[in-house]
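*Asks:* Sequence:
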Amino acid sequence: MMKVRILSITVVSYLFCTQLFADIHEVNNNEIINLMGKGVPLIDIRTKSEWHQTGVINKSKLLTFFDNGGNYNFKEWMSKLKKIADKQDPVIIICRSGRRSRIVANLLDQKVFYSTVYHATDGIISWIDAKKITVKPD
Numbered sequence: 050m051m052k053v054r055i056l057s058i059t060v061v062s063y064l065f066c067t068q069l070f071a072d073i074h075e076v077n078n079n080e081i082i083n084l085m086g087k088g089v090p091l092i093d094i095r096t097k098s099e100w101h102q103t104g105v106i107n108k109s110k111l112l113t114f115f116d117n118g119g120n121y122n123f124k125e126w127m128s129k130l131k132k133i134a135d136k137q138d139p140v141i142i143i144c145r146s147g148r149r150s151r152i153v154a155n156l157l158d159q160k161v162f163y164s165t166v167y168h169a170t171d172g173i174i175s176w177i178d179a180k181k182i183t184v185k186p187d
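Once you know that position 85 of the sequence shown is 134 in the numbering used here, the rest is easy, because the numbers rise by one and skip nothing.
No lab work stands behind these hints: they were computed from the structure. Some hints here could point you the wrong way.
As a list, the in silico DSS-like pairs of lysine-lysine whose alpha-carbon atoms are at most 27 angstroms apart [claimed, not checked]:
no., residue 1, residue 2
1, K129, K180
2, K97, K181
3, K97, K108
4, K136, K87
5, K129, K97
Start from the sequences, fold in the hints, and give me the full structure.
*Replies:* Here it is in structure tokens:
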């Protein structure tokens, strides 16, 4: 009887915990285009100098997360993100190569509990390598 109770508690705990965390989906260029076509915002977390160096994906939201020194102000960044998308709304996060966007996706998942986060796995590098169009940042 005790084993059944422990097993039940374990299963319920697992189910509860998995509901707390977002679904982080890794997406490629074509999936980004498809999702943006459905109105999912693409959040470009790179720095201003990176945006000017490569251009940005048309209609992406420019919202730097890490500064040039690798520092960030999560509270301030979140207040800006909330103007674009609430926790219930899906978002796509992109950086240069996918490393920083993975970190931010995990933060949105574990710290703020966003419902659905799409992570552009290979970043803007992949977009450019695939000869996709970029535009000058505003």
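*Asks:* Taking the hints in turn, state whether each one holds.
*Replies:* Consistency of the hints with the structure:
1. K129 / K180: violated, 30 angstroms
2. K97 / K181: holds, 20 angstroms
3. K97 / K108: Within the cut-off at roughly 16 angstroms; holds.
4. K136 / K87: holds, 17 angstroms
5. K129 / K97: Holds, because 16 angstroms separates the two Cα atoms, which is no more than 27 angstroms.
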